[in-house]
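A.B. asks: Heads up: the sequence lines are chains A and B, in that order.
Counting in this note's numbering, the final residue of the first sequence is number 1199, and the numbers go up one at a time with none missing.
Counting in this note's numbering, the final residue of the second sequence is number 1199, and the numbers go up one at a time with none missing.
By construction, these hints were calculated from the structure, which means they are not laboratory data.
On a predicted model such as this, the values are computed, not experimentally measured, just so you know.
Glycine included, each C-beta is placed from N, C-alpha and C at the ideal position.
Hints may be right or wrong, so weigh each one.
To be verified - A few chain A residues that face chain B, going by a derived Cβ cut-off under 8 Å, partial list only:
#1 V956
#2 F958
#3 L959
#4 V987
#5 A1024
#6 A1025
#7 T1034
#8 I1036
#9 A1161
#10 V1162
#11 V1165
#12 G1177
Protein chains: 2
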Amino acid sequence: MTTELAFIDALRGIATHPGARGLDDDCAVIEFGGEALVLTHDAMAEGVHFLREQDPADVAWKLVASNMSDLAAKGAEPVGVLLGYAFGRDDARFLAGLREALEHYNAPLLGGDTIAAPGGQVLGLTAIGRATFRPVPSRAGACIGDDLWITGPVGAAMMGLEALRSGSGDDSAAYRRPQALLAQGQALAPHVTAMMDVSDGLLLDATRMARASALSFAIDSAAVPIAAPEDRRADALRWGDDYQLLYTLPAGAVPPVPSHRIGTARASGSAPVILDGIALTDQDRLGYQHG
Amino acid sequence: MTTELAFIDALRGIATHPGARGLDDDCAVIEFGGEALVLTHDAMAEGVHFLREQDPADVAWKLVASNMSDLAAKGAEPVGVLLGYAFGRDDARFLAGLREALEHYNAPLLGGDTIAAPGGQVLGLTAIGRATFRPVPSRAGACIGDDLWITGPVGAAMMGLEALRSGSGDDSAAYRRPQALLAQGQALAPHVTAMMDVSDGLLLDATRMARASALSFAIDSAAVPIAAPEDRRADALRWGDDYQLLYTLPAGAVPPVPSHRIGTARASGSAPVILDGIALTDQDRLGYQHG
């Protein structure tokens, strides 16, 4: 973990472009031809981000959806994607899911590369978007006094994964076929002071937004909508893959899309996130840290 | 092989954007903000595209250079890159080579993703460029009667790899640190009728250009400059990784950069490439077919 963080810090050291915020979960935003080009790249490895047993069509869908969600958080519309594809167990199924996802998100496949990877399948997807509103929202713009909002419930992907694992027959679509909120992101972009997608867990991603904005969020856990039984609330707040949008608005402003107010931004305090009055530390498990 | 080609054909079936020529070695070219955005993605796997024993700094260099060469063939200037990085044997060395290459090509790192890939290292790089001249050169524009040109010798990477393998101490830089010809590509773009980089072998890449342009090239093997002993000429014409630019000009036109005239374009004949009067068939080994 230390090595990994050191590597990312070193990468940040050579990411000298002013728009180069695109390491890990965030997008890069650069000026191109008088418009704002939004770029993001996600990689997924067999055995880490997906299992060999999973339906490759679902893997393809999630690869596309997670990138589209990055664009959604910038209020961007998709221009297209580039695919880095290592041949796997069932390429036809992957292709079927890819086609379905790209049609769903209206994101044409622009190009890419296919390779043999003897050690296990690794997938990469670069999504290219066009910002529909400028300045392009970032994680860093939240102001003290702002309200913190989320577009919908967390925990649905957690319940879906558990249904899949248990074979209970309960609906697993929220885990297998997550929805990126492109339309909501575009509607929100002109209004928000900060925005990001919740991919790694609400508390972890809120921590990241708080750090980027140099303030703290006081979050009321009971106000967070969950798509899970009440006794799983604590887990739902820490689970990823729901791809809701987390954003801030000036106090009292009314969101243009259905949303839930879950907290407020305060001067930087004892921790980036204060949950029900208790400061969360880095020792608390806040979400999914990418391996 | 059949499966792989079928997969790529199927991908082409969903690459519906008019600029979506970017599968495998070519770039995608799309309109964005009144300019031409040039996009390419290359993936490389340990044990296929590089060896575990190789210096990771050289691996990083080649990953960058091969993408920059794709931009060069479009007469594009680099805007930046996105990296998909699976942690490997010596991440610090990779980082050193990456930094060196990005500085050399003036291509900032805009973002990317880092992952653990238990089965072996897989790397992906997306390069973003801006076309300096429009229409952007493609492989498809060669006309009957055009001259076929190459910017420099082939075979240098082959000799470099052999030096590295034999431990002879001979210079292996051409293999380890290939040079993408960005300045030459930009100088050529306003003049060429077709252009591509030679990444997989001169005869194979000339075949691809001939097919894309729906004609045949008559190539005079003795006119092809080689950076190898004369008795290796046949190998040098089939070896990849030299990243010279291959292009066509109207008959008699004088190239703006040092180049060698190696053939002429004729009406589509018995084969896409006729070498010293002999039609080359797909059964002949023409170059490196990606695995």
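A.B. asks: Does each hint fit the structure? Answer for all of them.
C.D. replies: To see whether the hints hold, each was checked on the structure:
1. A cut of 8 Å between beta carbons decides the hint on V956/A: the least distance to chain B is about 5 Å, and the hint holds.
2. With a cut of 8 Å, the hint placing F958/A at the interface with chain B is violated, because the nearest CB-to-CB distance is about 11 Å.
3. Taking 8 Å as the C-beta contact cut-off toward chain B, the hint placing L959/A at the interface is violated, the least distance being around 12 Å.
4. The interface hint given for V987/A is met, as the beta carbon of that residue sits about 7 Å from the closest beta carbon of chain B, less than 8 Å.
5. Annotation: interface hint on A1024/A holds; nearest CB of chain B at approximately 5 Å, less than 8 Å.
6. Of the supplied interface hints, the one on A1025/A holds, with its beta-carbon coming within about 4 Å of a beta-carbon of chain B, less than 8 Å.
7. Hint status for T1034/A: holds, given a least beta-carbon distance of 4 Å to chain B, under 8 Å.
8. Because the closest C-beta pair between I1036/A and chain B is about 7 Å apart, less than 8 Å, the hint holds.
9. Look at A1161/A: its Cβ only gets to about 30 Å from chain B, farther than 8 Å, so that hint breaks.
10. Interface hint status for V1162/A: violated, as the beta-carbon distance to the closest one in chain B is roughly 33 Å, over 8 Å.
11. The beta carbon of V1165/A is not positioned within 8 Å of any beta carbon in chain B (closest approach about 27 Å), and the interface hint is therefore violated.
12. Here the hint on G1177/A is broken, as its CB sits about 30 Å from the closest CB of chain B, past 8 Å.
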